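K.L.:
First to last, the protein sequences are chains A and B.
The working numbering applies: residue 1 is where the first sequence begins, and numbers increase by one.
The working numbering applies: residue 1 is where the second sequence begins, and numbers increase by one.
Hints listed in this document are in silico derivations from the structure and should not be mistaken for laboratory results.
Do not rely on the hints blindly, as some may be mistaken.
What the hints assert, rightly or not - In the SDA-like style, the derived pairs of lysine to any residue whose C-alpha atoms are separated by at most 20 Å in a straight line are:
hint, chain 1, residue 1, chain 2, residue 2
1, B, K602, A, L136
2, B, K68, A, E85
3, A, K107, B, G447
4, B, K602, A, N104
Just so we're clear, the structure is a prediction, and the values are computed from it rather than from any experiment.
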Amino acid sequence: MKSLQCIILCATLSATSGCASLSPNYGGENTRDAQVEETSYGSISASQVSSNTAVQRLYDQAMNYAFAGDFDQAEAALERGLRIEPSNPYLWFELARIAATYGNVNKARELASRAQSYASGERQLQRQIQRFLELL
Amino acid sequence: MASRKKKAVKRKSFPIFKLFFLMLLAGAAALAVYCIHLDKVVRSQFEGKRFALPARVYARPLELFEGKHLALADLRRELDMLGFAKVNQVRAAGEYFVAPDHVILQTRPFEFWDGAQGSHKIRVTFDGGIVESIRDESNGRFFDLFRLEPIAIGGIYTSNREDRQLVRYNQVPRHFIDMLIAIEDKRFYYHHGVDPKALMRAAVSTLTGRGVQGGSTITQQLVKNFFLTPERTFKRKANEMLMAILLELRYDKHDILETYLNEVYFGQDGTRAIHGIGLASQFYFGRTVDQMKPHHSALLVAMLKGPTYYNPRRNPKRALERRNLVLAETGTQGYITPQEFEQALAQPLDVTRSGSMGLSNYPAFLDLVFRQLRRDYQEDDLRNEGLRIFSTLDPLVQSAAERTLAQQLTQLEQRNKLAEGWLEGAAVISVPQTGEVLAVIGGRASGFEGFNRALDAKRPIGSLFKPAIFLTALERPEYSLATLLDDSPLQWQEPGMKTVWEPQNYDKLFHGQVPLWQSLANSYNVSTARLGLELGVKPVLQTAQRLGIEDPLPPYAATFLGAAELPPIQVAQMYQTIAAGGFRVPLRAIREVLTTEGRPLKRYSIEVQQVASPQSVHLLTRALQLAVEEGTAKSMKSILPESLHLAGKTGTTDGLRDSWFAGFSGDYVAVVWVGNDKNQPTGLTGATGALPIWARTMAQLNPAPVRQAEPDGITYVASHRVAGGRVRGSCHNAVVLPFVEGTVPQMEVGCDGSTSYSVGDKAKKWWQRILR
């Protein structure tokens, strides 16, 4: 079960993030004029995640790291986003997905429930989280 | 005869010669053994861990982004705390310029947990209290997000409180090395550890009574600081010279100089000893070593003669005189050009106002960091390994809370005719959703180490405990916010105990039947105690533990009314869980730990655990909001707008000994305690003591309103304030309450509270009558 869900997650990751730039961008170093490649992960794009460009930037960063297998840095970027928007369900959900990817099912479940509790009004996301919870 | 005589002489002299020879041999052997021993000492100290490097703790880095709520004054405060210099034109890292609507600043390079960030010159534009844009001055591009370097808030020191920041030889500007050699040891590059010429000069001046002179080389000085005690004896001096020679035999001049630069003492910052040029340049000039100009170097070299006597902050005149002497001497020896000399001479001392890297500024918060670190690291490693610890402290929040607490306590003392210093206080502030601790205040003298009341003062928590009871009730389908509770006199005898417990209300009155929310909002003790007894002691205590209380709670009914003694930090955890909608997030003071080389060692990531249903916590929060709107905390209105929908609870203990307030906005959870260290009455209730401190601190933080997402399965219904039933239409006695589906009161009442029945009930009654 655990390995199955890892395979599913990894498959989604690699299938959808192929176009993303792999080089991590850093707070100080990147500017808005630099070409922003919209990284999609699952079916979520950064502009869906938040209207705040700083949060979008961090989300993209996190996804790049996750895709490169650096989950520690991915988590750090998502938590940095949560400090700006602490009730953003997408960021919480990504933390859940990362926890699941490295096999921490309990943590993934708690984080996904947290995401679900902030997702009211976001039908598609709610369904996604629901599916994720069922797969765990 | 002659030969006999000769023989006799020979025979006579031989033993003396032999003895002398043997003694010489033995002496040489002993010296050799001793040298080997000294060599070992020198090597082990020099090559092993040369320095104790305290763990360095940083505050959170300030994140700047478009739309962030941040006043220009707050950015300035942050830059001042970082030791930035205010200038008219920004030319170097560590400087800033202020205009009415923008700030231009140049950051210093900094190694963050997730990578290095170079120096950037940026322009931050403000629109009122909001960041409008962040622009890179070098290319005109805009940043989505920019973080400043974090403030260093202190270290975890060895017992002698030595602090330093290591530098490499090639980071140190040429002029510093030149001046050092010109003043301290002219022939440094030519001698072998001991300088006979300088020694002779010193000996002559000592013998002729012209005062005791050093004559020590840089190598000898290093040996002295490194291996020996400061006494002045011949034995020590001999040891020093031997070791200096050994050191020079083993290591080259650069190694020795680099070690010296990191070891040398530059004075005190309170109890902290400033060692090494790396920390000294930070401490005195707010600059990194490589940013030092010749006049900075000259001052530090000047200070070597007596760091206290020539302290530029305390004795600026003296320090300036000696600095200029250093410059003149360096000029005479040809290390700087006359032009450089004139330029440097024209400079002021150029020291920052205070060290302000203050380990001592946040001892209570550091205490929490240290305790959390102790779970994962050996104390020895924390004091020696130079770990870099990124904490969650928000210095802006911390300083606002410190200021407010100190001011308010003084006011409370004056208003209540209490002796000065009678009251003490403590506070913890954190972020509801992520559990990051932003501020810890351990007492009113917050800059001093001492009893950390926020973590260690165990005091009865009074009514702050009550939410655990009400949550236990609201999790059961038979209770809603409108359920009527009995607030008539109660007598309770604990099984196995003789005494009868008779809880009283604060107003000494009994209130009859009261809706559940009224009982909590007005903090009625009797109905709350009765509710607790209905629910049972065990389930209620379990709820408290679920919410985050760690200490064992006495399994008696008296715990319902707050007999349990807990430190503020545990109360903060309990309210954190409520503020986060029933998700417990362990309070964290640390984000990341790096090794001294900057390698990530450990991340403390967010952990959450759902410990209560979002629905029941939603109802509880509504009751806590009503406590602020119209209950015991209604005085909040005079300080903070009602549109924030703050939620909170007052707590007062027997004899008015402890005054508590715990509550939250959308973005902060805070707990404040006020009391007296000897546990004597203060004359303060939760509303008159802790509440104004809580509210005035919050008022400075520009809090976001409580906007709890409405969980599924909640409906809002107008309920009668006194009778608890549903009210139809507009009615001044109605209050809109959330109900979990299936618990909406069936009974309908008129605006005057008179009982009528819902349509369903009317039909039922009609059928019942027919069938009868």
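K.L.:
Just pull the numbers of the violated hints for me, sorted ascending.
P.N.:
Numbers 1 and 3 - these are the hints that the structure violates, sorted from lowest upward.
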